[in-house]
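Trainee: So the chains spell out like this:
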Amino acid sequence: MKTAFSTKNITAFIAVTLVAGSITFGVTKGRSFFREHRPNKLAAYSNTRPSLVLWAWERPTDLTFIDPGQTAVAFLARTIHLRGDEVVTRPRLQPLKLPERVTVVAVARVESDATKKPRLSNEQESKLVASITEMASLANVSGIQIDFDATKSERSFYREVIIGVRRRLPERIGLSITALASWCMDDDWLSDLPIDEAVPMLFRMATDGKQIANRLDDGEDFTSPVCRQSYGVSIDEPRPNLSSSRRLYVFRPDPWTESSVRSIMELRK
Amino acid sequence: MIARFPRKTFAFLAWIGLVSFLFPHSTQACGPFFTDAIFVYSKHPDFPLEQFTTGKLGVVEPGWARSYLVAAYRNLSGVNFNTNEASGIKALWDERLNYGGEVDDSAWIKKWLDARSKVPGLSASAEIRAFRNREKPHEYESFLNCQEDAFNNAVATLNERIKRFGAESAQVRDWIVAQDIVFSNCGAGRKIPETPQPDQDALIRADRAYQIAAANFYAGSFDEARQQFDAIARDNSSPWHDKAPYLAARSLLRKGSFADKDEERVPPLTATETRLNAILKDQSLASSHQAASRLLNLVHLRLHPAETLHKLAHTIIAKDGKADFKQAVWDYTVLLDKFVGNDEGVDKQKLPPEVSADELSDWILTFQDQSTTAASYSFGQWQKTRALPWLVAAITKATGTQPQLDALLSAATQVDHQSPAFTSVAFHGVRLLIDAKRVDEARAALDRYLANDRQNLPASALNLLLAQRMSLARNLEEFLQTAQRKPAGFSDDSDGRELPEEQSETKENTKGGELFFDQDAASVFNKAMPMSLMRDAARSRILAPNLRRDVIQSAFVRAALIDDRETAVQAASLLQEMHPELKEFLAAYQMAATADARRFAAAYLSLKFPGLRPYVSYGIGRTSPMNEIDSYRDNWWCAEPPSSRSGAPSESEGETESKPKPVVPPQFLKPLQSLALRQYAAVQVLGAAPNYLCRIAVEWTEKNPADRRAPEALHLAVKATRYGCTDKETGRWSKAAFDLLHQRYPNSAWAKETKYWFKG
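Keeping their order, the protein sequence lines are chains A and B. In terms of this note's numbering, the first sequence has 105 at position 105, counting the first letter as 1, and numbering is strictly consecutive. Count along the second sequence from 1, add 269, and you get the number used in this note's numbering.
None of these hints come from the bench; they were simulated from the model. None of the values given here were measured: they were computed from a predicted structure. Note that CB positions come from ideal geometry on N, CA and C, so glycine has one too. Check the hints yourself; a few may be wrong.
[Said to hold, decoys possible] Below, computed lysine to any residue pairings styled on SDA-like, alpha-carbon distance capped at 25 Å:
no. : chain 1 : residue 1 : chain 2 : residue 2
1   : B       : K1004     : B       : E968
2   : B       : K1004     : A       : E220
3   : A       : K117      : B       : K776
4   : B       : K997      : A       : A213
5   : B       : K997      : A       : V141
[To be verified] If you want the footprint, here are the derived chain A segments under chain B, 3+ residues with CB under 8 Å:
no. : stretch
6   : 80-93
7   : 211-221
Turn these sequences into a full structure, and let the hints steer you where they fit.
Mentor: Structure (structure tokens):
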């Protein structure tokens, strides 16, 4: 009996099967990858860290007075400039003093040169990943935070960097990023990233910052789940209504003092 | 939040595409930042700073960085800068404003690696890092460990050894292997090259001894390094013996610099001082004298800060007092900052008295101290010395109820107009007269200054005087003349340093405009001017065209909002001249027979032209075309008038909402204030534009469903709730307009285009 399947049909069938299989594989792989970094992981990350985190930027800072049980520190550990093909890393040059047992997050501030635009090549990506993950070897660091104001054209590069950093970091080291409030609200490209936390920055915002603040005041929440663990605020700006159950990262333009930390703790009560 | 009622199955995907298209191409977490006008610099004098060094000080501000106050004091004291000093202090400002000049360690390292690559067959060098962590428990800090001279010296030495032994010689290869070990300590760890074999060439053995000492230095083993350099210094056969004493001193300095406690810090620094003085006295070590001299300055800063501070102050204020003026001012201000602290206000009472034990430091610290004690002290010093710096300090701190105010004012009027002090005393003299309610005298003084000295005033100072004169305006004409000002510069102020942009960069934003309103003028227009005067201001030709255009459009919109038909119609005629594209819509307003019809016509016009608003802008204002949606949501109006778009907000602990400053209207407006306030309140009660425009569109459509403008108005009103100011009420109005559009005009193109409503 002559077979009903022509060569053309067989080829088409194989092609469709391959495509369907690839899609299924990709989705499954993606899901399993994302499953590793989804709600349980997010919650676990939240639960292991104090709910108040002070950002310590590039200035002489003495935080030996803080209570490590209640307050963590995210300090600027290095500034990384992307310039042409280069990745230029500058370590922290101003002293930071912390008490024992404090939870420490090392922050990498990444900046793209305005005049010599970065090429965003694979090589540059590798160097940036290496520079960021190196911070995990600093003493007592339990988390890494990337602070990169990636433009739209830089997003896919940044995505690959985040994936690369997560792959190279030990499991015990958390990965956090700062995020534009708009990324968390109406322009969500973060939800499928392998990060433990995206901190919506609710200060020095664009004109639409007031809109976002209004929406938060109105009881609305961020669309992206990774943005629902924490907030980033500055002590010198008014804040919308924030949930006290979320971690609060606080920036202060002036040096941290005992009274300024105390006043934040009072507000959180 | 997007409504959960999509009308089509692919609505969700369409929304994703729409949102991603509409968001700006380039955004920053702390921004984006917008260029705006700066009328009065608060962080530094006007640019270019060269003019500041020549005595064009403007109004000297206590909040400026101390290096500017050094220059101010010199000029006020009558001791002008010579060319070397002027260029030195200018170089200091350039370096500090550009973050101290970038350390180009990658270039140093590359130079070394390029030299190294001339030797064939070597394995690749491990990565070299110039910075090293301090490695202290619970502390995080890095420092520049291997500096440029280390790499330059290595390159020079390698080249010489290649010349002597050949690039492929064992001696050169051994030398490089050892040097690689030296540089491995720059970033971390402690690795020391092997001690030389006795049968190796004497030069290589001498080099090795040097490399071992250097490795210990970079690894932080300072005692070992010092001992080894001392041994090299004693070895006259070593090519390094004349450099070694200096390097031994440097090892001691590093040790002292890294110590935490005084008892660990002072002895090595003292020993360093002794050694460096000895080097400077020894002519056989002349090759190290320049480096030793620089290092000794650093040691003095650390060991004898107060004494060094005063020594530097004395040389800075003396003419031709210091060859390296830039370094002297740099060291002086760093020391003063250390005593006082950079960020908190100065409280001279809390400082050790020896800090202000020289005239320069005394003046700077007093000038920056905002207390009444400092004010009294300044006045006392002026009375005692009659010196110009103290006159400036005294008059800056004085109030209108000051005892002996007239003496101060009289002294101010005697200051020559060419004097560096003139602008400061002129401005503060007027301030004091206003404070003392001697308004006519203040006005007369300002008119003299603006007539005779205007051309010589820096822009910030001119704007300060214009602001004073505006506050004393007797009529609308005087107000308009002084309300419009040329900014001192334009900046996005993204880092809070008020660095001005080049004119070519700002042209696109200013669109050729040269004069703008500062916040004080805009606030008067927006909150303290009744419609009758807004109309007169709109008609007046005093204002620059861009400002007149802004006043006209705000007059029309505001009059339309409160249904002041007469003013609105008059403003409409003027608006039409400026914007012919509005003709059809303005005509509709003018022909509208009822209040409701007028309200709708005005609302429809506003919906079509999102740049219209009832307020005058401060600074550059909105830059998008009037008929286009601004992608940063600067569309229509909010309940409050707009404020500056540039830079970070003013600092204050953010526990409470920042409140708008009260407006102080000029005298001629005071009788009309209750009317102005009623009219302002009438606009405010209408709330943010999107809510209002939705309401008007809905109300009109319900009564006039056949109006062909209605569906478009509803569509645009819903759009306004997406791109304009919103609040808690926005959602309900957006939904109301959306529902009405789809119920009344379900098959219209406008309904099809309106897929969602917005909560705001």
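Trainee: If a hint holds in the structure, say so; if it doesn't, say that too.
Mentor: Comparing the hints with the structure gives:
1. With a CA separation close to 14 Å, the supplied pair K1004 of chain B and E968 of chain B stays within the 25 Å bound.
2. Note on K1004 of chain B and E220 of chain A: the hinted pairing holds, with a Cα-Cα distance of about 17 Å set against a maximum of 25 Å.
3. A distance of roughly 23 Å separates the Cα atoms of K117 of chain A and K776 of chain B; the hinted pair therefore holds under the 25 Å criterion.
4. Proximity of K997 of chain B to A213 of chain A is assessed by CA-CA distance (about 11 Å); at most 25 Å being required, the pair is judged to hold.
5. The suggested pairing of K997 of chain B with V141 of chain A is violated, with an alpha-carbon distance near 43 Å, which exceeds 25 Å.
6. Chain B is given as covering the stretch 80-93 of chain A, and this holds because 6 residues of the stretch bring a CB closer than 8 Å to a CB of that chain, at least three being needed.
7. With 6 residues bearing a CB less than 8 Å from a CB of chain B, the stretch 211-221 of chain A meets the requirement of three and the coverage assertion stands.
Violated hint for the displayed structure: number 5, the only one.
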